[in-house]
Amino acid sequence: MAIELIRAVDVNWIAFIVLFPFLGFLFNGLGYLVFRERFPRWLSNWSACLTIAASFIFAAIGLYVISQEPEDVYYVQKVFTWLSVGDFRADFGFIFDHLSAIMCLVVTLVGLLIHIYATGYMGHDPGYARFFTYMNLFMFMMLILVLADNIVLLFVGWEGVGLCSYLLIGFWYEDWEKARAGLKAFIVNRIGDFGFLLGIFTLFLFLHTVELVPMKSWIAEHSGQFGHLTVLGVKVATLAGIFLFIGACGKSAQIPLYVWLPDAMAGPTPVSALIHAATMVTAGVYMIGRMSFVYVHSPVALAVVAVIGALTALYAGTIGLTQKDIKRVLAYSTISQLGYMFLAMGTMAFASGIFHLFTHAFFKALLFLGAGSVIVAYHHKEQDITNMGGLSRYLPWTHRTVLIAFLAIIGIPPFAGFWSKDEILFRAFASSNQVLHKYHLNLLLWAIAVTAALVTAIYMTRWMILTFWGSSRTDEETRHHLQESPNSMIIPLGFLAAGSLLAGFLGVPAFFGGSNWFEHFLEPAFAAVPPAEITGILNEEFMELVLVLMSVAAAALGLLIATAAYFDKLFPAEKPGLADRIADKVKPLYQLSYNKYYVDEIYDYTIVQPTLRGSYYFLFRFFDVMIIDGFVNGLAALSAFTGRLLRRFQNGIVSNYLFFFVAGVVLIIFYMGAVGPTGGWAITLKALLKNLLSQIKNLR
Amino acid sequence: MIVGPQHFLVLSAVLFGIGLLGVLVRRNAVIILMSIELMLNSGNMALVAFARYWGNLTGQIFAFLVMVVAACEVAVGLAIILALFRNKDTVDVDKINIMKW
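So the sequences go chain by chain: A and B.
For the first sequence, my numbering begins at 1 and goes up steadily by one.
For the second sequence, my numbering begins at 1 and goes up steadily by one.
Next up, chain B with everything else stripped away, as it sits in the complex (with noise of 0.2 Å):
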């Protein structure tokens, strides 16, 4: 079997979808964050996937945008959840509701 573009698709579709019902299913705070870089690699990935398919190396600085912005939002992210945690107690977003009108 010869392996080509789409089984690097199908895998970044499961990746994602794995990362997207994490986001969505869990409540630890830290794991949604990791979910999260889950979906963007996943779709890393598939630029990579396709960039290589294409010969054009395009996407493959893309993958490269995508971590950087990936790094800045797990530094943010962890931030938020730090300060969360000194004055709540607690990461299980269902517990902070603070966000409302």
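This is chain A alone, in the form it adopts within the complex (with noise of 0.2 Å):
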């Protein structure tokens, strides 16, 4: 492994990218503090979409112009010093290489589109230039996560999505289970936030330095003294790389804190779409290859990360077999595909986690502005499932683009998610993760992702004929108002079904008789890492297709059980379908899955009421009003009790006042002849007059 030499090149126009949504989010905000509601909805629309085209442009443009350069070429912007302490230095810089290119270009189309989206979703709402301040500003810090050129600032954007993750969920915050769900969201956000703190910490503490390009220099020049750098027999880059997982585990809801997610569909569609599927709760997945560099040092870390990743989306797919709500079902599919996205990043197929995150960006983003369509037509009424049906007649171009999503997502070639989901099946099996050998773990999590392949293809098949097909079990007076979207919104479903469709062959592997360009691409950004290759018994050929075979297989499959299982839903009959009586047949697992295997209620038993609890009597009866507040009232009482014994002396009479003076006067002369360096006061006065006879004397 050669130690690359990278070449930064200085350029001004970085910021650019970063600074359009800012102005979107100035002016939008300062619209709604001066003009409330009756700030020109025209003016909100256009600012707030003009902006983010115009960071898309700059970062199309930044895309093309980088990957017209040698690979080992990238961009930086210093725009200022931000901190300096010591030797503690911290930059308001960007960093423009073939990552952040990427994730730049996901996150400023897919926003672009879904703020179209957003102008015809939110058309009657009073808090419609809000709404616009919060996505940009959402944009902003998204764009300073993925540009910023050390932790600390992606730390900044890290917790500014957090913020307008958690002001997005409760906008309709007057309906107290929506601020609820925010709140959820932030505070679970925290646990995850709080481990990536200490990742920072762990990383500054070794490495004194939180830059990111000097830091990866370090551990490429170093690489064998950071290998064995441990702290308490741990190594530093497993513990760094745990620490930093657990914010991605808040940050990107993966088990034991995915619980804000689900709740999170609270906040508008548009807000699901955006930071809830495309963009926010990828930044996890984004910062892992980010620290690429530090994790490939850590087989352990790694490990920790492909099976909490692959045990994520299988458990979270079996969630979404049951659910009802139309976004929720949705949103356990996307913590599934983000399971994906961890399983791709611990067995060191970064770039193929980037391109699922890439992938997914599209159809799952699609999937949800389909759902908010449907929403729509509805008249925000109804979001249950089984109580919808039909709705490709009523809907019929949300139902045309949903459908390009779905195939996409359970992995039906050639639309993008099987190439994405593909690449990390075969990539797991294939890993050269030395912890994940040596467990013979590579087999366990394949054989877990392409389950959770198949369940995947059962609930988002269900999710489809339960919606778009089969006959309406909508009532009469509501299905006579169902109609089709306005173009502000279907528009913007079509980009992204094209999206769903073309993105995948970005990265059609060899096999396929593709470049895999995406890989490629991404190459430079990551750190080296031994190719994956399969040890085994048959050719890699064979075995590769086999996998292919498989993974298709297992979409297939669900795709058929589901259809068998809702086949009452597509064709009325008599007797309940088969779904219903396998849910009959086991009622316990059926509760169990529909009621999320009760981890909301397992987490409000264990830690969330104990915690409550414990603040109201112990912080707050006890140690706040008894020792706080009884300290502060202890003080008050005690000078007002003094006080009530001193007036006694205040009784009116001058000459007592007179006495007490005197009196003072007296002891004072008293104390200081007592204490008096040449010891007691009458030894002192005796002296004194001496002397002053002596004087006298001697002046004769």
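One thing to keep in mind: the hints can contain errors.
[Said to hold, decoys possible] Just a sample of chain A residues kept apart from chain B, beta carbon distances all over 10 Å, derived:
hint : residue
1    : His-379
2    : Ser-472
3    : Pro-524
4    : Leu-589
5    : Phe-631
6    : Ser-694
[Unchecked claim] Here are the in silico distance ranges between beta carbons for each label pair:
hint : chain 1 : residue 1 : chain 2 : residue 2 : range
7    : B       : Ala-83    : A       : Ser-639   : 12 to 22 Å
8    : A       : Ser-639   : B       : Trp-54    : 15 to 25 Å
9    : A       : Gly-630   : B       : Ala-79    : 32 to 42 Å
10   : B       : Asp-92    : A       : Arg-647   : 22 to 32 Å
11   : B       : Phe-85    : A       : Arg-647   : 50 to 60 Å
12   : B       : Ala-13    : A       : Ala-687   : 44 to 54 Å
13   : B       : Met-1     : A       : Val-654   : 34 to 44 Å
14   : B       : Ala-79    : A       : Leu-667   : 25 to 35 Å
15   : B       : Leu-82    : A       : Ser-639   : 21 to 31 Å
16   : A       : Ser-615   : B       : Ile-98    : 52 to 62 Å
Think of the hints as simulated: they come from the structure by calculation, not from any bench.
All residues carry an ideal CB built from backbone N, CA and C; glycine is no exception.
Grab the two chains, each in its own frame, and use the hints to assemble them into the complex.
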């Protein structure tokens, strides 16, 4: 592994990508502050969308420019020195390398489409300008996150998107449930962020820098040394890797911190699509890719990432099987797909993880926006898919576009999801991670991931059948009012559908005769890893073919199972369908899945309630009321008490005052005499008199 | 017997003591005011005695200053006593106990 001489080129255009959404934020924010609901909608529309469009143009040009350069070139821009204390230094600076380029493109492109969609979706909301204020702020923070050239600035973006997520989940804050969901997201993320901070501290403690480029080159130059750096018997790389991954677990909704994401669906649907599917929740994946040069030194941390990712992929999928809310199914699906991305990261297939992030951004945003279109058709009154059905007749364009996303997510070739998911499955199987090899986890992870793919196909088919296909279960009155959404919503759907169809072709692996452009493009951004290989009995080509067939078979099987199970919904029958009968047969299992494995209840019982009670009874009722307030009130009571005693002396008789005055003077004289440097007061007085007399005698 | 500073000082101390006693034990506000004058003047006497003893004029200047203060004090004090007398028909300090909480 040669130490690559990376060439950083100073440029001055990176800041513009970040600047435009910030201007949009200021404009809309000030507009809303001054004019409130009277701020004209067309101004909000144009300022919000045009700023994102400008960012997108800069990002796209940047991507083009960097792809024309030799592959070891990337761009940097230092805007100003932000923090400089001792040997700690963090700039407000940006790095535009291949990874940031891809992320910027995803964020600005999907962001732009969703902003346009939102002008239709939020059309009748009184908080229109406020919505776009938050959205633009989110874009600003997200771009800071992906462009930051040091982890501290990255953390600023990380927290900033968390804040916007909170603000937007609780956008309709008059509804207590929704405000609560925002709080939950914020608080659960705090736990992860604590881990993230510990990770930053660990890295700074041992590497003495928070800037990514010096950090990366130091590790590249001292890779042997860094690999053996330990603290308390744990490798520093493992420690930092796991701490950072805890942060990623919070932000990217992995076990055990995933519970906030399903509740986050309380926010407006464009928010769910942008923040809780396409961009913010993938920040954890991006961060691991960004810190890949640390992770490659710790097979243990990578194994943890891979195992948590695979488990989350399957686990969230099984919950998705029984959910009834149109957006909740998609939320669990997002958690599951994020699990895939982490599985890829953990098996050192960094480019595959980012590739899945890339394709997922398109098809999951599309699914959410499609769901939003359905919700608009129902005038925000119905989100239960068991009451829908047959919507393909009423919303033809929504159906057509969502169908593409559906095929993409379950992994039917040649749609985008197939290429990225298949790549991950293959890389999991062939991973060169020593720890995974040692415990033969490769095969297990692969099996879990394939099962998760099967489950994905089942719940997504169920979602499609219950929402769009078969006959309508909506009452006559509501059905009468169902109509296709306005063009401002349908056109972004079309673009995203094109993305879901075509994005996968950027990363067609060599096996299918492609060049895997995506992976080669990203290669310079990641730490070098030993190539994946199948150390098996059979030849590699054949294994790869088998793996591809297995993953397609899993998707097809899932599709068939779900179709069979919900056949009665497609063609109404007298007796209850297979799905209902299965649910009846294994009622406990069904209940377990429907109630999300009671994890919310368990957390509530073991963590939330004890914390609340402890806060109320100990911190509030005991410590705050008795210790803090007790001390302050005690001081007041003490001075009142002494005051009540002392005012007895002030009886209004002047002679008494005089007496105390004279007594005081006498006491002072006595005291000074008693403790004076020459001894007791009598002696002092005597000495004084003697001295005086002798002086007088001498004068004579 | 030569009259030295110690005689003046003793006289000053005695006068001061008489004045202090008067302030403490008399009840008539006018007498108290006079006793205060006595104390101030005993102080003046000590100042002048020391000034002469050291051959230094500072003490005498101070005595002048004290006289000025004493004059002011008498002016204010008598005004207060007059005001009190008009309101309370008495100058007995034990009967005037309005200066309290």
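Looking back at the numbered hints, which does the structure fail to meet, lowest number first? Numbers 7, 8, 9, 11, 12 and 15, in rising order.
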